[in-house]
Structure formats: structure tokens, C-alpha cells
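Chain by chain, the residues run as shown.
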Amino acid sequence: MTNSVQEIEDADCIFIIGSNTTSSHPLIATRVYRAKEKGAKVIVADPRRIHIADIADVAVQQNLGTDVALLNGMMKVILDNNWQDQTFINERTEGFEEFTKAVQGFSVEKAAELTGISTEDITAMAEIYAKSDKASILYCMGITQHTTGVDNVKALANLAMLTGNLGKESAGVNPLRGQNNVQGACDMGGLPNVFTGYQKVTDEALHDKMSKAWSSGKFPSRVGLTIPEMISGIEEGSVHGLYVLGENPVVSDPDSNHVTKALEKIDFLVVQDIFLTPTAELADVVLPGASFAEKDGTFTNTERRVMRVRKAIDPPGEAKPDWEIIQELSSKFGYAMHYESPREIMEEIAAVTPSYGGISYARLEGPGLQWPCPDQGHPGTPYLHKDKFARGKGLFHAVEFIPPAESIDDDYPLWLTTGRNFSHYHTGTMTRLSPTLVCEYSENFMEVSPEDARELDLSQGEQVSVASRRGEIGVRVQITPRLKKGTVFIPFHYVESNVNKLTNPAMDPIARIPEYKVCAVKVEKNP
Amino acid sequence: MEYTTALTTCTYCGCGCNFYLEVLDGQVIGTIPCKTSPTNEGKLCIKGWNVHEFIQSPKRLTRPLIRKNGELVEADWEEALDYTAQRLKEIAEQNGPESLGFMASAKVTNEENYIFQKFARAGVGTNNIDHCARL
Ligand code: SF4
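The listed protein sequences derive, respectively, from chains D and P. Heads up: the first sequence begins at 2 in the numbering used here, then just goes up one per residue. Heads up: the second sequence begins at 24 in the numbering used here, then just goes up one per residue.
These aren't lab readings, by the way, just hints derived from the structure by calculation. Owing to the predicted nature of the structure, the values given are computational and were not obtained by experimental measurement. Wrong hints could be hidden among the right ones.
[Claimed, not checked] Restricting the straight-line Cα-Cα distance to at most 20 Å, the calculated cross-link-like pairs of lysine-lysine (PhoX-like) are:
1. D/Lys169 with D/Lys394
2. D/Lys213 with D/Lys201
3. D/Lys333 with P/Lys112
4. D/Lys155 with D/Lys102
5. D/Lys132 with D/Lys39
6. D/Lys321 with P/Lys82
7. D/Lys502 with D/Lys266
8. D/Lys523 with D/Lys502
9. D/Lys169 with D/Lys387
10. P/Lys66 with D/Lys37
11. D/Lys523 with D/Lys486
12. P/Lys91 with D/Lys266
Sequences are here, hints too, so could you generate the full structure?
Structure, rendered in C-alpha cells:
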């Protein structure tokens, strides 16, 4: 997030797009409700009529994969009416000319046709957003899990820059991170192209510093493989071993049949987890790690706040904190590590990571610290880009609408999108072992509009089969007006009826994120 | 009977709510939301309120497992780690470090992700490290 969670409640306008906030980020939704109470306008754009749409001033249901069309339509309205913040554009941005050209070539009517939203609604959204003093954008996987995910994010950044909504309190472009420590895993260099703090592995100048800190001579300056590339590498015979730490790609990856086949084929698979997940079941070695309640450490939340995790109980049986396991394995491999505690590891992180430079356990007593926090005296950073952008000037990108990779046709006539329900989490390995949460939703279901249900002759609770070009699963029917005709929704928490057997592995060319949010399916009644 | 609390951060979503885990004689019996936390200010969602349930599930893994004759069987740490280190080394020597892949995790701590990528980069010598931020 460019801004903080707390700031949301003082925004004048909150634009939620591709985030089912009440389900996936309940305590951020709380701030939206508070803002509304204080008089903020709320705009919601989501293919489903999600819960938070009930308090929206304008709520629209765009066709799947048409976010760029919607955003460009809004920006066209803003430019036509001269609602942009020209001072901000002149002083703090570049690339405005080319961007304007791209948007001027587009029309609100075209946007309406592509998105299925009326020109009146698009105009109202543009007006509310542009005329608010502090407008905050909240988005989640509904924006990123597309073959045009990067374009979607760029279009949102354009919208915020166009209206001067970056670098100030209660505004910004705010991705809500799904898993609790996704932010931290990225910050710590759990990515193929960067060391900690987004320091590029291709930057040879950094290698000196890192090799000194790590007393190691050899690291590659070539960008490594992403997860989908590792999976293809296994199939092609170039990847022979995989060490999986607390992940469950068999359930979470798109086209999961394909992932399972690859992991069955690999020469050596080691999985470190707290449960025998479907991925661990395929492993050659399974190492029992510790849950968050059984170890010390830190997590970094979606607003870049580094917070302490403290040990409450011992791990069960012989299970061990994951850092101890990694350290022992590394030492046995021939690269010795001798950390006494996570506190000591954090000291090293601070030493090699400029944005974490001022973070230490002593300073994390209390509410935590938001990075960038470059030195011990720095108070942390509630919102980014205050006086300038990291790259100097904010860059507008001319972004054109591109349709999703897969489209409906006669064989697969319905659009499918995926997401969460409020009581479960990710692949369900944790929440589905929690009796209270299982009571809420015990089995998988497909949400379908009353119109489609009538056409397909489906009744509430009926078991049906849903198939895409890649696979087939069984689910129960849930008829709901939250869906519009032509689109169905299935959550992704259920391994026994795994929607990722259906989803499309086509990826965004830059971010390498698969298009989980759009594919074509057919629904059939069971004989 | 011994009752203690530990102030910590929720393991589920990216909101990062803070709460106290209530511990009675080595068992986590409940959660108390932290009122001074800037993110949740004394509130939690249904997942946070019930976070203690999954931790103590009887399905938790308690010993290392090694596949022998097609079956995963219990092993001790020494054997599991020696075998893993040896297999990883063999693969790196035969096919080069680029033939190994590492999946980091959005579920473990910063410190753990840090030493995991350090092991991949400095120990093994590959940038083949990723996690499911995309997913
Ligand atoms: S309590 Fe709920 S909202 Fe808070 S971090 Fe946990 S899952 Fe997210």
C-alpha cells in the first residue's frame, strides 16, 4: 500500500476495485465503513455484487477482464471535463502527453460497450473520484490475477496521478495483500529478480556488498525462475529438485492437474510445512515446521508495517521453528549458518537492506514500524511518495485495453471467476481444520445468477459438474443475485473440488501472474 | 495451573491484526484482540478469533517423513536432514545449481524467508526462488 490502513477512514472517496474487502480483508473493510460514516463517497467495481457494494454511492459490475476499459473510460471523462489536477501533473509527473493521446483515442461509449456498465455510471464514478480532495484506491487479486494484471495496475496509477492522489494522506493506490506475510516474503527477496528490499540481482555493484555480508563468492546475476517456470522446467527436464517452504502449489496453482504431474515426476521434492498438504503427500522428504504461535519473528503487513510474532507455546512433537530447519539444512549442505535467534537474523537483514535499516527488535516493541525506515532515528513511513516518487517523477503509461486470454464460446458458454469466502483462507489447509470456521462453509459451491439457473434448470443445493478446457470438478449450486447473467463464481479453498483444475494458466507477460480471475466453463447437471 | 499470554500478529490475512494468545498449561485456549494495535484497534474477524483451533489440530506434522519404498515413513531429524542435504548437493553437482528451485512462503516469518533465499543464493548459487505472491 502507498498509504496506511488507518488513513482510509479519513478519505473523501474510496474506490474499491477487484477486492472483496469484507471477506478477504475484514479489518480494512471496517475502515471503509467508518469513512462512509464520516461522509466519504464509496465507489465499488466488481464483477459480483459484493457485500460492501451495499454502502456504495455507485456500484457497478464490470464484465470479467475489462478493468482497463473501465479505467480508461473514467479518465476520458475526467480529461473531457478538465477535472484533472494539472499542477500535480506538471510538477510531479512525466509521460502525460502520450498518455492523453491513448485515452483521447478511446470513448466512454466504447468503455460502456466493453464493460457492460452504463455511460452514466462511468461518468458518475469519474466525477466522484476526481472531485474528491483525498481519494483512495483499494484493490486486490481481482486486479492482478489477469493476463493484463500489470496494465490494470498501471491504469490505476494513471488515475491516481491524473487527479493528484499520490503522495498525500488518505489517498494513494493501495494493493491489499492477500496472505499475511506476502509483503514480507517479497521484502525479504523471496523473488527471482531481487535481494532483500527490492535490490536487483542484475545490479553487479550490489554483489560486492552481498558477498561480503554473506561470506560467499558465487551468486548469479541472472534473474531466476518464477514458480510457473519452475513447473515447466520440471517437465522439460531442466529442474530436478524443489525445496518448498510452507506452500501448497498443488492446490494453489492454475491448471493444478499439470502441477501434480510435474511434482510426481521430479527427481527430488522436499516440503516443509505444518500439515501433510496435498503437495507434501508427493514429497520425498517432509520436514515438520512450526506454526506462528510456536516461534519468534516478524511479519510485514499490507501497509508495510513490520510487527513482532512471539512464541506462545512449543511446537508439537519434534516439529521445529522453520528458521532452525533451514539453518541446519544449509549447514549440512555446506553453507554454514549459526544464528542464535530470529533477533540476530533481523540484525543482518537491517544491515543489508536499506529500507529495513532502522528496524530492530528493540524498536518493534509497541505498534511496529512501517518501511522505508532507513536508520535507527527514522520514525518509519506511513505513506509513500510524499515529496517525490522513488524514480523522481511519476510516469504515466499509455495503456490500451486487451481482452482476456480465454473467451466464452459455444462449448464453454459461461465466464468463471474465483475468490474467497469469509471464513476460509487460501488453500484451506489451516481454516478447514478449525471446527468453528468449517461450520460456516463446509463444502465447495458455485454461485450462479437466478437467470442462468433458470436457463440451465439448476436448483439450489444441487450437485453439478463444471468443466473448462483443462479439467472438471463437482460443486453444489448456490443461486444468488450477486452474480449477473453469464458469469459464475467458485471459491478456491477446497482441494476435493479444486477450482484451479479449471483456471487458465495463461500469464501476465511481465508479472507472470496467472489469469485466475477469468476463464470459460460449461455447467452440466449430473445424470 | 499456569496461565500466560503472548502478544503476536495474526497468521491469516495481510491486515496483520495483533492479539494476545491465551495459554493455559501449554495449550492455546483463546485470543484477545489488542486494543492498542493501530491496525485492528481491539477488533478481530472470525478467522482471527478462532486462530487457536487449527494450530492444535491432531493433523499437525510432528516428525520428519522420508519416502521409502513408495511410502512416507517417520524418520529422525538427523536422517531426514542428512538425506535432504545430500540429495540437493548431488543434484546441484550433476546438473548445476540452476536445476534446483526454491519456493519461499507468505506464511513464514521475515527472518525465515531471509535465510531461505540466502541459502538459495549464497549457499546453492541460484536465483530460482519465488513464492505465491502471484497466487
Ligand atoms: S483477524 Fe481477520 S482481519 Fe485480522 S489479520 Fe486475522 S484474518 Fe485478517
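Flag every earlier hint the structure violates by its number, smallest first. none
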